[in-house]
Amino acid sequence: MIAHAIFFYTFSIIAVVSAIMVTASKNTVHSVFFLILDFISISCLFIMIGAEFLGMIMLIVYVGAVAVLFLFVVMMLNVAQQKNQWFAGQQSSRHIPVGLIISTLIFFEIIIVIGGWKYKPEIFDINNSISQTSISNTHSLGQILYTDYIHVFQISGMILLVAMVGAIVLTFRQRSGLKRQSYIKQISRERTEGVEVLEVQSNKGVKIDD
Amino acid sequence: MEYLSIVFQEVYKILFLLVPVLVSVAMIVWLDRRVWAFVQKRQGPNVVGPFGLLQSLADALKYIFKEIIIPSSSNKVIFILAPIVTMTLALIAWAVIPFSATQVLADINVGILYLFAVSSLGVYGIIMGGWASNSKYPFLGAIRSAAQMVSYEVSIGVIIINVLLCVGSLNLNDIVIAQQNMWFVIPLFPMFIIFFISALAETNRPPFDLPEAEAELVAGYQTEYSGMMYAMFWLGEYANILLMCAMGAILFLGGWMSPIDVYPFTLVPGAIWLILKILLLFILFALVKAIVPRYRYDQLMRLGWKVFLPLSLIWVVLTASYLFYFNLLPVN
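Residue numbers (the working numbering), protein chains in the order written: chain F, 1 to 210; chain C, 1 to 332.
It is possible that some hints are incorrect.
Claimed, not checked - Distance windows between CB atoms, simulated:
(1) Val19/C / His151/F: 39 to 45 Å
(2) His151/F / Phe8/C: 23 to 29 Å
(3) Ser182/F / Lys13/C: 22 to 28 Å
What the hints assert, rightly or not - Straight-line C-alpha distance at most 30 Å; calculated BS3-like pairs for lysine-lysine:
(4) Lys185/F / Lys76/C
(5) Lys13/C / Lys41/C
(6) Lys76/C / Lys26/F
(7) Lys62/C / Lys289/C
(8) Lys136/C / Lys179/F
(9) Lys136/C / Lys26/F
(10) Lys289/C / Lys185/F
(11) Lys207/F / Lys185/F
(12) Lys13/C / Lys76/C
(13) Lys41/C / Lys136/C
(14) Lys66/C / Lys289/C
(15) Lys306/C / Lys41/C
(16) Lys204/F / Lys179/F
(17) Lys306/C / Lys179/F
(18) Lys289/C / Lys136/C
(19) Lys179/F / Lys207/F
(20) Lys289/C / Lys306/C
(21) Lys66/C / Lys76/C
Keep in mind that the hints were calculated from the coordinates and are not lab data.
Just so it is clear, the structure is predicted and the values come from calculations on it, not from any experiment.
Ideal placement from N, C-alpha and C gives every residue a C-beta, glycine not left out.
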């Protein structure tokens with residue numbers, strides 16, 4: 001148990017400290033790196049409570065894909081401009097009400113979760129859940145997800161698909177004047193259309209179109 | 001005291017795994033250069049030691065004695081962390097590779113997901129190196145490689161799903177044992193080809209080595225690195241290539257199992273078979289490097305998103321329907 005406690009406290013301290021550093025660090029790229037560290041330590045905590053599938057999916061999806069895109073966006077930002085607009089100056093006061101609302105919401109959510117855990121422990125009792133049976137975490141997740149919650153699963157899939165189509169539609173623009181490579185056109189070219197013999201008048205030359 | 005002995009035992013096991021991996025990384029660099037040379041009718045490195053086997057050691061010695069230059073305008077912490085991250089990620093993945101039914105450091109339930117997760121984290125070493133260098137070429141190289149690795153990961157993930165449909169378990173040993181009757185390379189041959197090409201792209205090997213395309217980007221994300229830090233990038237890259245070969249061997253070529261299940265072959269330990277399969281895949285990697293010209297970037301993206309992803313998705317549907325129709329789905 002001691003080793004378990006040591007690992008738990010190491011990961012949770014790293015998680016909390018890096019979560020604080022996400023907001024505290026001045027450099028946005030550093031905060032994304034702290035966010036990644038946070039994700040990794042949280043997935044380690046998931047693995048420690050026996051939810052190895054969730055932990056690995058967290059690593060693959062959040063760290064392997066989402067955070068990479070975060071990094072992309074943040075690296076493209078102009079950091080010098082940011083310093084003037086967002087962090088220093090009077091404009092930051094506009095963001096205070098939004099921040100206050102969000103943090104109050106999160107605060108009440110945490111109160112509800114902790115209160116439920118304290119006063120209605122049977123809801124969160126791990127013995128009631130499926131993880132106590134002999135089958136592995138991944139199997140039990142699959143058996144629940146594709147039977148009892150199949151509609152919720154399909155609806156969330158549909159929402160993601162719609163979001164993806166929406167994002168593509170919003171960013172799609174037809175650019176004119178682009179030369180596109182057509183493999184079929186290239187392969188099906190004959191010698192007769194490729195080579196042309198011309199009578200060249202002297203001092204006039206030949207104009208080759210595009 | 002009891003804890004201490006367990007810790008020592010584990011450290012001994014880890015060293016017993018990592019030291020051969022590092023030595024074989026050095027040897028594989030030599031093999032890569034030799035194969036490359038033979039295809040081009042050259043000799044390749046053949047001076048240091050017998051057949052030039054010690055060439056990599058000589059190179060390593062050279063790197064160790066070179067000065068490590070840290071650019072003054074770079075972000076120093078991340079600049080130093082980047083090669084360390086690359087190297088560490090390339091090495092920790094070996095923890096789950098099974099060398100026989102019992103010889104595996106960590107026989108975890110979600111082994112294949114762990115491998116996939118670690119290989120998808122590999123992009124961070126490159127992005128960190130490219131960004132922290134604070135220079136144009138490394139940054140362009142890093143952005144290219146990030147886009148490339150994220151794209152090809154998707155198709156690798158779908159290919160893994162294909163194999164998992166046939167196995168019914170995420171454990172690597174189970175995947176190997178499921179291939180007892182037939183290696184998955186036979187029923188899933190198109191997936192094997194796509195996996196091989198995606199693995200080339202995932203490890204930034206030619207013909208997909210755009211992040212370090214020397215004609216355009218000097219050396220990509222490694223441009224500002226020197227000495228041992230450069231060598232660590234390089235070792236990490238080759239360890240990753242070996243890892244992808246091991247993954248291919250386990251997913252499609254039956255891992256540590258002998259090709260034919262008859263008497264003289266079954267005597268050979270599983271580790272030897274796995275190493276032979278890894279070597280076979282690696283020689284294919286080296287041959288591809290020697291004979292195929294580099295892709296253009298838009299062709300690379302087109303191949304990943306418009307060809308491989310739909311093909312592997314269709315194959316998932318086909319595999320699932322086949323297994324369902326003939327009632328072959330693995331149930332346990």
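Hint check results:
no.	hint	result
1	Val19/C / His151/F: 39 to 45 Å	53 Å, violated
2	His151/F / Phe8/C: 23 to 29 Å	53 Å, violated
3	Ser182/F / Lys13/C: 22 to 28 Å	56 Å, violated
4	Lys185/F / Lys76/C	51 Å, violated
5	Lys13/C / Lys41/C	42 Å, violated
6	Lys76/C / Lys26/F	16 Å, holds
7	Lys62/C / Lys289/C	25 Å, holds
8	Lys136/C / Lys179/F	28 Å, holds
9	Lys136/C / Lys26/F	23 Å, holds
10	Lys289/C / Lys185/F	29 Å, holds
11	Lys207/F / Lys185/F	23 Å, holds
12	Lys13/C / Lys76/C	34 Å, violated
13	Lys41/C / Lys136/C	37 Å, violated
14	Lys66/C / Lys289/C	28 Å, holds
15	Lys306/C / Lys41/C	37 Å, violated
16	Lys204/F / Lys179/F	28 Å, holds
17	Lys306/C / Lys179/F	19 Å, holds
18	Lys289/C / Lys136/C	27 Å, holds
19	Lys179/F / Lys207/F	19 Å, holds
20	Lys289/C / Lys306/C	23 Å, holds
21	Lys66/C / Lys76/C	19 Å, holds
Going through the hint list in order, the structure does not satisfy hints 1, 2, 3, 4, 5, 12, 13, 15.
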